[in-house]
Structure formats: structure tokens, C-alpha cells
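*Asks:* Line order of the protein sequences matches chains A and B. Mapping the first sequence onto this note's numbering, position 172 (from 1) lands on 172, and the numbers just tick up by one. Whatever position you read off the second sequence (first residue = 1), add 325 for this note's numbering.
I should point out that these hints are in silico values taken from the structure, not numbers from a laboratory. A few of these clues could be false.
[Claimed, not checked] For each label pair, taking beta carbons as the anchor points, the in silico distance ranges come out as:
| id | chain 1 | residue 1 | chain 2 | residue 2 | range |
| --- | --- | --- | --- | --- | --- |
| 1 | B | S533 | A | T213 | 36 to 46 Å |
| 2 | A | L7 | B | P630 | 27 to 37 Å |
| 3 | A | R216 | B | F373 | 57 to 67 Å |
Please read these numbers as outputs of a predicted model, since none were measured by experiment. Quick reminder that beta carbons are idealized off the backbone N, C-alpha and C, glycines included.
Residues per chain are reported as follows:
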Amino acid sequence: MDFDLDLEQEAIVSAVDAILDHHAGPARMRALGGDDPGYDHELDRVLQAHGYLELADGGDGLRGRLEAALVVEAVTARHGVIAGGTRALVGPVLGIDVPGPIAVVAAGHRGPARFLADARTIVVVDSTEVRVLSPGPGSTIRVRSRMGWPMGRLAPSGAAAGPADRAGPLDLEGGQTVAVAPSVVGAWWRVALAAELVGTMRAALALTVEHVTHRRQFDKAIGSFQAVQHRLAECAVAVEGSRWLMLEAAWLGAPPQAAAVALTQALTAAQRVFADTHQFHGALGFTTEYDLHLATMRLPALRIEAQALGRPATAVAVERWKTAR
Amino acid sequence: MGVVETRRARGHRLSAPGDGPPDSEGGALVEFEWSQEDSSFRTQLRAFLDEELPGRWTGAVATLGSRENVAYSRRFAGLMAEHGWLTPHWPTEHGGHAASAWQHTVLGEELWSIGEPRGPQYMNVNWIGPSIMAHGTPDQQRLHLPLIARGDVIWCQGFSEPDAGTDLTSLRTRAELDGDEYVVNGSKIWTSYADVANYCYLLVRTDSGGTRGQGISVLLVPTDTPGFAIRPIGSMVGEHSFNELVFTDMRVPVSCRLGPQDEGWAVVREALAYERVGAPRWARAARLLEEVVEWAIANDRFDDPVSLEIVGRARATCEAARLLYYRVIDERDRAQGSSANPSLARVAMVQAERIVAEACLELMGAGSLEYASLADHQLRKSLAAGVAAGTYEVQLNLISRLHLRLPKG
Ligand SMILES: Cc1cc2nc3c(=O)[nH]c(=O)nc-3n(C[C@H](O)[C@H](O)[C@H](O)COP(=O)(O)OP(=O)(O)OC[C@H]3O[C@@H](n4cnc5c(N)ncnc54)[C@H](O)[C@@H]3O)c2cc1C
Numbered sequence: 001m002d003f004d005l006d007l008e009q010e011a012i013v014s015a016v017d018a019i020l021d022h023h024a025g026p027a028r029m030r031a032l033g034g035d036d037p038g039y040d041h042e043l044d045r046v047l048q049a050h051g052y053l054e055l056a057d058g059g060d061g062l063r064g065r066l067e068a069a070l071v072v073e074a075v076t077a078r079h080g081v082i083a084g085g086t087r088a089l090v091g092p093v094l095g096i097d098v099p100g101p102i103a104v105v106a107a108g109h110r111g112p113a114r115f116l117a118d119a120r121t122i123v124v125v126d127s128t129e130v131r132v133l134s135p136g137p138g139s140t141i142r143v144r145s146r147m148g149w150p151m152g153r154l155a156p157s158g159a160a161a162g163p164a165d166r167a168g169p170l171d172l173e174g175g176q177t178v179a180v181a182p183s184v185v186g187a188w189w190r191v192a193l194a195a196e197l198v199g200t201m202r203a204a205l206a207l208t209v210e211h212v213t214h215r216r217q218f219d220k221a222i223g224s225f226q227a228v229q230h231r232l233a234e235c236a237v238a239v240e241g242s243r244w245l246m247l248e249a250a251w252l253g254a255p256p257q258a259a260a261v262a263l264t265q266a267l268t269a270a271q272r273v274f275a276d277t278h279q280f281h282g283a284l285g286f287t288t289e290y291d292l293h294l295a296t297m298r299l300p301a302l303r304i305e306a307q308a309l310g311r312p313a314t315a316v317a318v319e320r321w322k323t324a325r
Numbered sequence: 326m327g328v329v330e331t332r333r334a335r336g337h338r339l340s341a342p343g344d345g346p347p348d349s350e351g352g353a354l355v356e357f358e359w360s361q362e363d364s365s366f367r368t369q370l371r372a373f374l375d376e377e378l379p380g381r382w383t384g385a386v387a388t389l390g391s392r393e394n395v396a397y398s399r400r401f402a403g404l405m406a407e408h409g410w411l412t413p414h415w416p417t418e419h420g421g422h423a424a425s426a427w428q429h430t431v432l433g434e435e436l437w438s439i440g441e442p443r444g445p446q447y448m449n450v451n452w453i454g455p456s457i458m459a460h461g462t463p464d465q466q467r468l469h470l471p472l473i474a475r476g477d478v479i480w481c482q483g484f485s486e487p488d489a490g491t492d493l494t495s496l497r498t499r500a501e502l503d504g505d506e507y508v509v510n511g512s513k514i515w516t517s518y519a520d521v522a523n524y525c526y527l528l529v530r531t532d533s534g535g536t537r538g539q540g541i542s543v544l545l546v547p548t549d550t551p552g553f554a555i556r557p558i559g560s561m562v563g564e565h566s567f568n569e570l571v572f573t574d575m576r577v578p579v580s581c582r583l584g585p586q587d588e589g590w591a592v593v594r595e596a597l598a599y600e601r602v603g604a605p606r607w608a609r610a611a612r613l614l615e616e617v618v619e620w621a622i623a624n625d626r627f628d629d630p631v632s633l634e635i636v637g638r639a640r641a642t643c644e645a646a647r648l649l650y651y652r653v654i655d656e657r658d659r660a661q662g663s664s665a666n667p668s669l670a671r672v673a674m675v676q677a678e679r680i681v682a683e684a685c686l687e688l689m690g691a692g693s694l695e696y697a698s699l700a701d702h703q704l705r706k707s708l709a710a711g712v713a714a715g716t717y718e719v720q721l722n723l724i725s726r727l728h729l730r731l732p733k734g
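Use the sequences and the hints to build the structure in full.
*Replies:* Shown next as C-alpha cells:
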């Protein structure tokens, strides 16, 4: 057991942070559209160019997966608007090279999903197989949202009759079946979501700690009130616990139970962090001028996606006590 | 920025854990696996426990604090001592073999999860013995350490007083020097095991002029000393019984003082720092969850979605506590300085105890109502988790200060 990053891992995290200094952060997210941002192709390109989204591919085994998870966490902690989790953690297990951005959905998905309009690859997780689709132009459309991620959906079938350069409607039942078990892709999807939740929660919590340290009422910093301190301390426990579970799950290679455990804990933490970080900002947290919502509103979107394969807590119980029997 | 490129260029490939030192240049990497040595220690220990305690230490009755547990612990600790497993982490000159903090953790996990058959003696080996090693006179060490190492003695901890709980340094039990003896008057409360203990690790005030931490001393007092009265206080937590101690002109030789006079607070803080993360409560909670699920499966109560959901969440909460606990051990293993990590772990462990209690009630339904059912048992145990040995709120205070660095209240 060892909980310290080694020099190389630290170097990766700080190099990614240096890139994020230039190419991410709340200002960049606002430039992309704020709480309804466009996909950040530039950040994606820069991270790809340096290989930071393919750490898990590199034959470095467990180590690579852990590093990939650290990168995904770091990117979301800085409001990155890319499909980093699916690229860095799900892509490598598909067994074939696919172009990014990668969107992942469960079979039979309806309604909006993250990155669907930007994806060059859609991964469909079905009960017995995993399929990969390449959406043609016009087969997906943007959906307005204010949950902090670029949302898209499949174009309605009627839209098929368009100009010749437009593809027909996309059939999630179609596509190419890849040689990987749905449980494997599902588990990495869960780890990726846990990493994105953890990064996002860290951003929200850090902003809140800073706020309560400086905001004064009754001649005191509000962060000196024990009622505030205790709830933020509980948030910290929730975030730290989720973080280490997520890293452990990545390091272990996403066994289904560990992946579901990590995501369960991250979702529980997210509920707390969402409510309390807003609460301690008072009215300020409501304003679009202030950055808090850029992080917090992403949490419910991740939560919805996290339930695509069923409730993670139920999956924990099933994996632990039913599958083996 | 060149890390990835460099690694690709030199075709760096990581060895699997257990294949030897992973990365000679960078030091150890984050890793979540037990070493061969620790795993085989666990295997041996489990084999021994299966043989010695077949099926006995599951469930509610025999756990820490019960009479059965205390009585059995004397035999059990002796057996552990014979195997060299009672004080493996002690230095060799005191009969240990300087085992790693991880082995000590394996021991704690395995024993605590089955109800702690060492009984109150876990305190001896974890912090009372080490405290005597650090501050005891040669005579004190010769008397106490072999007793502890043989598993032949029970201690109690005389800290809390009616008016000094969380605010422990406001304690008022007085010890006045009279020749080469202290004369002790006052009282202690909530003292576990005092009724069965041979010795008491007692905090007294030797200088009333001293404020807060100053003027406190530690006395190592035989419980059969004249003037040492013990009154049991019934408790709703298992069969655990508390005691009230009343000292009336109790005469204690100065040679029983541990460490310098008036500076006992530093001695205690150091002793408790060693055990600051406390017992691996998550391991017991996780084990109890396994038992209640087994019960539910056997009783056809494990299929509704609500049960699955809460059990899954309880399992995840125990797992989070496990990693936060391990992080503290890792930190201690490297002898890193004080941090909020023990408090993060302790809060997570209390949460684990509580949600497992919820899961028990949910799964067992009316079955919970029976005396000493798993749910009845866990509900009570979970209450103690947030109070004994440093309350939940005190841990939150520490996290605010040391981890979040929030301004002082
Ligand atoms: C099962 C069990 C076994 C025990 N065994 C022993 C033993 O062997 N020896 C021994 O000496 N003691 C023992 N104790 C006592 C234990 O150490 C005390 O209960 C503990 O220190 C709390 O003190 P208190 O009960 O007086 O509560 P109080 O100090 O009165 O606290 C009550 C509540 O107020 C809160 N509070 C207090 N101060 C603050 C603050 N600054 N900020 C926020 N909240 C605060 C506490 O967190 C708690 O929730 C045992 C207790 C239990 C439950």
C-alpha cells in the first residue's frame, strides 16, 4: 500500500496542470459558452498531442490507468470541456482505434447525452455486446442545456431526408460490435464518471473554502463559524474518500465491484457538495457572473449519466452478493 | 512536459506489483496492494483464528466489552503472545520484532472485525505499552512491559471526569505530594473495564496553578490500591459496562508516576498520537454488513430494490473508510508529521458504522427487535463510534483547521 504519487506521476500531474493553466479554467469555459459550452477541440488537441489522454494505452498496465484517472480528475477540476474520461479510460479497452471525441451511451438511450453532438465515435453498451458507431454529419444534433457540458441527441428520423451530404438517422442497434465485454466497458465508464465527479467536486469545494475564508459577517469570516466548518469538513471527507476509491478502482483495472463502489461514493458525495457549496455562497452562488455554477451544475449531469447502466449502489450489492452465488 | 515522451522513448514498462521495486528512479508509486509478507501474515493469522475461534466470534454477543469477551481475552492474548502476535510491532528489546505498521494494521483489522478477542488488551499493546517504553523508568518497564507482552494484564484508562469530557484538560482529580507518595482525591467516569482491570492509566492534576495542559501528571495505579473505589454504571451499548471511579485519600508512591511531574499532558498526547486513528472500525462494520446480508439472503429478504440500494451504499461507505484509514497507516509508516488524515478516517469510520446500522434495520425489519439481533447490536455500537476516544465533532474541528485551513472560530 502506498498513497504517495511518485516523481513521474507528480510530473505528469503538474505538466497537465501547466497545460490547463493556458487552455482551461472558468474563463475558458465561459469563452466556450459558459454553462452551455461548445466542445473544446483545442484543449483536446493539446492534451492528445502530448499523449496525456492515452496514458492507459501505453503498455504501462496498472500504472497507466491510474495516471489516466489522475489526468481526467485534473482536467475536470479545471473545468475542461472535453470528453476526457471516455477518451482516456474507456477508449483503451475497446480493442480498436477509434477517433475521439467518444460519447458513451447505454443501449436504447433516449434524450440528451454528453458529447453526443460532438462525438466522432459513439460507444453503445448493450446487455450482451458493445457496439461502436461513427455518426455521420447531421445524424446528431446539439441540445440546449445549462448543465455545464455540451449536450447532444440523435437526430429524429424525419430529419433524414436532407441534402445528399447528410447521413441517415443513426440506429443505436447498428454499428460494429467490438470484442470486449459490456461489463468491462461499463466498469471503465463508471471509473471515468467517478474521476469527473471528483475533479468537479474539488473545484466547487476549493472555491467555497476560499469564499468562506474571505467573506465576513458579524465581523468574522463566515468560515470561522462551526456550523459552516463542520459541513465543509464532511464534504472534504466525502471528496477524499471518493477520490481514493476512484484511484484504487483505476489502479486495480476497474473490477466491476470496485468501479461501482467508487461511483456510488462519488454520487453520494456529490449530493452533499452540490447543496453545501451553494448554501455557503449565499446569493452570490446564484449569479452567472460568479464561477460556482460552472462546476456545481455539472454534478447533476454526471449523476444522470451515472445511472445509464442502473443505479451504481444496486450494482455494488449485486456484484458483491448476487453475482458470485 | 516531456514525461510521456520520455517514457515512450525509453520503452518504460512498469513491473506488476510484487515483481520487485517498481520504479527505482521515482520512488514507490501509488499502489493498492498488500505486500507478499503482509498477505501471508494475514493468511496465517486467519488460519489460527479459524482454528481457535470456530464460528464463535461472529455476531453480537461476544464482542468487545462483554463479560465473555473479557474473560476469554486473557486466554486469547496469551495464545497470541506465544505466536509472537501480541506485540509484533514493538521493538525487539521489549520482546517485539519491529513489524511494520502494515502488519499491525492487518492484526487490528482481523481481530477487530471478529469482535476484538484481545479484549481490553488491545489498548495495552497499542498505546499503554509504547507509552511506558517512551517514558517509563527502568523499574516501571521491568514490571509492566513483560506483563503486557505475555497477555497477562488488563488496564483501564482513567481520563474522563464528570466535568471533563471533550475538554479533557479541565480535569480536576487532585494528587498532592506527601513525602514520597501522592494523595489522590476525585473521581473519574465512563471508565471501561475498570471492574476487571489490574491497573489504571490515570490522569491527575498535580498543580492547580497550572492552566489547561500544564500541571497534569500520569499515574500508573494498581486498581486494588486502598481508596480506589469502583462503581459499575449500566450502559445500553452491548453488555459494555462503564464505571465510576472514586478516589478517597488514595496513596500512590511517586515511583508510579509516568514521565515528569506536571508534564503528563505531553505524555498522553504522544501516547494517543500513536493511536490517533483508533481501531479499524470500518473492518467490523464491513464484516457485520456481510453477516446481515447473509441473514437477509437466508430469510428471503434480499431482493427488494431498497435493500440492495442501502446495502450497496453501506458497502461503499465502508470501503471509503478503509482507504482513508490505510492512508493514515501509510503516513505513519513513513513517519510523516501530524495531519488531518486521521480525522478524515475517523469521520469516515463513524459514517460507515452508522450506515451499516441503517442497513441492518432495513434488511432485518421486525427481526431487528429481538434481543441482541445484529441490528440491535450494530445500532448501539454505532452510537459509541462517534463519542468514544474523541468525538465526531472534534474530528470535524480538526479537519476544518488542518485540512481546509479555515479561520479559527
Ligand atoms: C463506549 C465508550 C467507552 C468509553 N471509555 C472510556 C474510558 O475507558 N476511559 C475514559 O476516560 N473515558 C471513556 N469514555 C468517555 C469518552 O472519552 C467521552 O465520552 C468523550 O471524551 C466525550 O466526552 P463527554 O461524554 O463528556 O461529552 P461532551 O464533552 O460533553 O460532549 C458532548 C457533545 O458536545 C460536543 N462538543 C464538545 N465540545 C465541542 C466543541 N469544542 N466543538 C463542537 N462540539 C463539541 C461533543 O462533540 C459531543 O457531541 C468512553 C465513552 C464511550 C461512549
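*Asks:* Take the hints in turn and mark each one as holding or not.
*Replies:* How the hints compare with the structure:
1. The hinted window of 36 to 46 Å between S533 of chain B and T213 of chain A holds, with their beta carbons roughly 39 Å apart.
2. In this structure the supplied range 27 to 37 Å is violated for L7 of chain A paired with P630 of chain B, their Cβ-Cβ distance being about 47 Å.
3. In this structure the hint that R216 of chain A and F373 of chain B lie 57 to 67 Å apart at CB holds, the actual value being about 60 Å.
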